[in-house]
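Residues per chain are reported as follows:
2 protein chains.
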Amino acid sequence: MAKGIAEVPGITCGVARAGIKKTAKPQERPDLLVVVTEEPAEFAAVYTTNDVKAAPVKVSMELSGKVSGIVANSGNANACTGERGIKDALEMASLASQLTGKGRFLVASTGVIGEPLPMDRVRTGIAQAVANLGKAQGEEPARAIMTTDIFPKLAFKESSGFVVGGIAKGAGMIDPAMATMLSFVATDAKVPKELLQRALKEAVEVTFNAITVDGDMSTNDCVFLLSTGKSGVEITEENYSLFKVALTEVLEKLAYQIVKDGEGATKVIRVVVEGAESPQQARSVARKVALSPLVKTAVFGNDPNWGRVLAAAGSAGAGIVEEQTELYFGSYLLFKGGRAEFSEEAVSNYMKESQEVVIRLNLNLGSFSFTYLTCDLTYDYVRINAEYRT
Amino acid sequence: MAKGIAEVPGITCGVARAGIKKTAKPQERPDLLVVVTEEPAEFAAVYTTNDVKAAPVKVSMELSGKVSGIVANSGNANACTGERGIKDALEMASLASQLTGKGRFLVASTGVIGEPLPMDRVRTGIAQAVANLGKAQGEEPARAIMTTDIFPKLAFKESSGFVVGGIAKGAGMIDPAMATMLSFVATDAKVPKELLQRALKEAVEVTFNAITVDGDMSTNDCVFLLSTGKSGVEITEENYSLFKVALTEVLEKLAYQIVKDGEGATKVIRVVVEGAESPQQARSVARKVALSPLVKTAVFGNDPNWGRVLAAAGSAGAGIVEEQTELYFGSYLLFKGGRAEFSEEAVSNYMKESQEVVIRLNLNLGSFSFTYLTCDLTYDYVRINAEYRT
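Quick mapping for you: the protein sequence lines, in order, are chains A and L.
Those letters in the first sequence? Residues 1 to 390, by full-length UniProt numbering.
Those letters in the second sequence? Residues 1 to 390, by full-length UniProt numbering.
No lab work stands behind these hints: they were computed from the structure.
As the structure is a prediction and not an experimental result, all values here were calculated from the model.
A portion of the hints provided could be inaccurate.
Intra- or inter-copy, both count: the list cannot distinguish identical chains.
Once the Cα atoms are required to be at most 20 Å apart in a straight line, the calculated SDA-like pairs of lysine to any residue come out as [said to hold, decoys possible]: (1) K87 <-> G337; (2) K336 <-> Q280; (3) K336 <-> G319.
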């Protein structure tokens with residue numbers, strides 16, 4: 001069985017089929033998740049930077065100190081729902097508290113924007129999820145937060161005496177000028193609040209903040225990281241990097257799964273920019289290429305359209321020099337010294353046969369690099385998003 | 001007959017079917033355009049800000065003083081073509097000069113990136129276009145610069161004693177952090193160079209720089225404005241605004257046609273942001289909404305998905321306040337005071353029946369406004385761009 005957040009010592013999960021999404025058949029999929037910590041746990045969080053924040057984000061942002069867990073639902077984002085939304089998010093948190101007999105809860109929601117939560121169903125769902133605590137394992141908690149996701153996303157890492165495990169959801173509205181989508185991660189290492197927040201911020205920067213599906217930023221994005229301390233391993237400045245490496249590996253795997261499950265995606269695109277004169281240059285060029293609909297549709301069509309890649313790279317205005325730039329698709333060199341020369345057939349075949357297409361730009365201006373992940377843009381992206389509500 | 005650049009006194013146009021695009025049947029459509037001024041003319045220009053600039057852009061940017069016209073081709077962008085590309089662009093310009101017996105020419109290309117120009121065909125084409133000078137009228141010059149465009153784009157305006165007429169091309173790779181796509185405009189007013197450049201810059205800012213199809217920035221974009229002076233009307237600081245208004249109206253019409261012809265588009269989307277506390281805020285919010293693939297697919301699906309609009313508006317990070325913001329689709333109020341209330345059916349019908357969907361946000365924070373034009377995102381956008389070369 002694949003491991004996720006439920007396999008972290010000190011964590012118990014319960015889910016319920018509450019039927020929150022109007023059109024859902026309740027039996028289809030769980031849509032309510034309660035994550036409980038044995039003892040009150042330190043936590044760190046990264047939230048969307050959108051001006052329009054969903055009610056659960058506003059409510060969770062108010063929390064400090066320790067928490068006893070997370071309550072989350074899919075099928076309804078509780079976003080743009082005014083004062084009633086805030087009241088509903090607060091009720092979700094306090095209901096989870098009361099029914100578990102524990103302390104305060106973080107709260108998160110994902111799904112359709114702008115419809116009030118069907119609180120009758122949410123209340124019943126939370127009660128059922130609490131009653132089922134301990135039964136949800138492996139993929140089950142990840143399933144409860146899926147919306148247009150096709151597969152559940154989870155990752156787990158054993159390190160030196162401690163583990164990190166997490167789940168995530170996200171397929172559309174994925175963009176990384178912020179914490180992206182929902183992800184709940186826990187560790188049984190004992191991490192002081194300050195180090196926990198620092199590790200989360202640093203790890204998010206190179207994982208969730210380095211992926212894009214469609215450039216849209218959600219109102220509901222948050223990443224929660226809980227430290228149960230159950231392993232007894234204490235994280236200090238000395239072994240901080242050990243913890244950060246393990247956390248980054250887990251978030252990397254979750255981020256990869258999100259891109260792989262990008263709405264309508266048939267391929268992952270890994271955009272690697274090397275030889276940049278600054279980290280900012282590397283990042284901004286990689287981001288522009290990863291965001292380009294023309295690059296993304298070309299990959300869908302197995303078209304080694306290197307010109308679109310160069311045009312997108314140049315549009316960052318980051319000072320790339322055409323004559324210095326080398327462009328590779330996989331191991332094939334397409335463009336160097338200001339001109340292109342390669343076998344269209346060979347590169348197109350490479351694209352056809354690859355689940356992950358690697359687009360690598362060497363700017364030959366310095367020694368910095370950055371990697372961005374995205375996916376191709378397909379008919380299904382349009383279908384999914386044109387039909388989402390109607 | 002619709003009027004364009006050929007109807008401006010002092011301007012003559014010739015086109016040819018040169019068969020520049022590899023897969024083109026030469027008889028299909030003209031692909032070579034020569035625009036000639038009776039006397040050397042003042043000109044103004046705005047170019048792409050992409051780091052990767054096509055050879056014709058680099059060559060045209062070197063010109064100062066007066067010019068005798070424009071030579072342009074479609075079917076091949078002459079971009080990312082190294083030194084040979086520069087040589088070819090220079091040859092196009094000098095060939096047009098020689099064959100017309102005139103002064104220097106601006107040069108522009110549009111089409112596939114990264115393939116060398118088939119110069120044999122280009123040379124023959126320029127000779128034919130020069131031989132045909134005067135025959136290309138109305139839509140004909142605009143047809144010669146089309147690529148994935150479905151219809152030719154032209155506009156004409158009579159003002160006080162002078163006229164402004166122009167053509168444009170552009171359907172994909174349209175993004176406005178710069179001069180967008182190709183547009184050639186002429187006036188028979190006599191405009192000093194400094195005023196000509198100022199008017200062009202100011203008019204581009206609210207027209208071509210306020211549209212987006214896919215957020216991609218081209219290597220080839222340029223707008224050329226020629227002043228033949230043929231009307232004898234002199235433009236000075238006193239009547240400058242007269243000229244600017246006429247020019248802006250022509251560019252506005254061309255910009256609208258580009259969006260209407262957006263790759264795969266079925267509808268124009270007009271994003272109006274009002275009540276902003278600064279012009280920058282209005283612009284950045286409007287731009288984010290216009291760029292959002294989720295908003296664009298929702299419009300394609302006739303889905304009044306106001307939540308996506310608010311999420312996109314908020315993602316600008318420009319300081320909008322959810323509770324203050326009002327959102328309208330056409331004349332329908334969808335969201336106000338932090339909550340949504342409207343007839344889904346009525347608004348969806350409005351969307352279905354409209355060729356142009358107006359999305360209007362009143363931020364209620366100040367008195368500035370900005371309007372952005374875009375189009376919906378459809379299956380055909382993906383089809384056109386996945387199949388473009390292969």
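Run through the hints listed earlier and report the numbers of any the structure violates, in increasing order. 2
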